[in-house]
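Chains as they are written, first to last, in the working numbering: chain A, 1 to 137; chain B, 1 to 137; chain C, 1 to 94; chain D, 1 to 94.
Keep in mind that the hints were calculated from the coordinates and are not lab data.
Some chain A residues close to chain D (C-beta under 8 angstroms, calculated; not the full set):
id	residue
1	M55
2	V112
3	K123
4	E136
Which bits of chain A does chain B cover? Going by a derived footprint, with three or more residues having C-beta under 8 angstroms, they are:
id	region
5	23-32
6	96-107
Virtual Cβ for every residue (Gly too), placed ideally from N, Cα, C.
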Amino acid sequence: MSVEYLTREPIDAERLLREVGDDGRGGAVLFLGSVRRGEEDGPVVAIDYEAYEEMAAAEFERIVAQAREQWPEAGLAVRHRLGAVPLGEASIAVAAAAPHRTEAFAACSWIVDQAKHRLPVWKKERFEDGATRWRED
Amino acid sequence: MSVEYLTREPIDAERLLREVGDDGRGGAVLFLGSVRRGEEDGPVVAIDYEAYEEMAAAEFERIVAQAREQWPEAGLAVRHRLGAVPLGEASIAVAAAAPHRTEAFAACSWIVDQAKHRLPVWKKERFEDGATRWRED
Amino acid sequence: MQASEHRAAAAPATISVTCRLFARYAEALGRDELQLDLAAGATVADAVHELRRGAAGGVVPERPLAAVNREHAAPDTPLRDGDEVALLPPLAGG
Amino acid sequence: MQASEHRAAAAPATISVTCRLFARYAEALGRDELQLDLAAGATVADAVHELRRGAAGGVVPERPLAAVNREHAAPDTPLRDGDEVALLPPLAGG
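Looking at chain A on its own, in the form it has when it is part of the complex (with noise of 0.2 angstroms):
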């Protein structure tokens, strides 16, 4: 498991602040992507994100290679969480600095869509009973 992007502890979202921030990018942007109790889905307590962590580290790798094509002047950071994630904490990062705040905003969000569509990642919710099942959104 890549220690930059993949991580089975709780995600850090000031050092990923830090770790983009300098003092000529003057917008900075983070995205918390976490649990959520859907409405249709009962009492899920935790949610299991199981990755081909090879592939996820590399895919994460390509992604931002990208990204930094697209906005050579951003500094980037990213993190996907792994293995129990409860309610509430977050299983993704995406932060993002850039001189102006639109290459900011522009350059985390294109890296959550990037992520979201193309990381192997997959997900068992977990019921309070401890039943379990397989989330394909």
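Given chain A, put chains B, C and D in place with the hints provided.
Positioned in the frame of chain A, the structure of chains B, C and D alone reads:
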């Protein structure tokens, strides 16, 4: 000065994220605008932010109310720092959380744009040698 | 029409507004607040015109950003007695 | 052309690829990796077809998402001996 919107202390980004968090909101977006060392600026060490405080608080409230109309499910939090803000520290922070990430990005970015265009706030650059200059973008 | 004639008849011939100045304007003029007496029916533009007859002529432009009672206001916004008119240098928040 | 004919002549008649399974596919089949022997020139679609002849027929669809050597790959992607082919349930990261 409204404690809600304007502050003379460093902005606590984690706190803004907690304010907008809710386990039904799966996507949270945080924007931090920081004092930037521009290439044209010379040795700026800090920026003093001054506001028409009563109006700035009221205007922030109007902006947030208008955002709530557009994104009724979103959690929203905003801060503008006043007084001397050192290089690299945030002068403005906007957090938006929503059930889906597109709403969170849209709400956050809309509020930042509105704040930049509508808040009666001014900044005075402070240089290493003690000189100051009003900066009008 | 009757109601408006009635109001016009009851209105004072002059109004007094508080004019607030900020940032560069306040610094250049050495003050951040003054009272302006204006003719009834005066607008934001009239208040600016009155102000610019003094020292502010070299500082405040003919059509500055303005607010009335803490909301952005266009130059043709009518003023009432007791209003707070603020003249705002170009905004630079964020 | 010469080079390509030469390669074709030297290529083995069959290739062996490692097939990796994840999440629901792995759980339903009770395994996350197997070897597949395929005719030279086989594609991702051929690997899927071969796999579906067994127990995977009820689990893996005809055109699943797939990756070859850790990159997303279309069904017509040709395979080489030693490749790692992964069959991916619908992605649900983020």
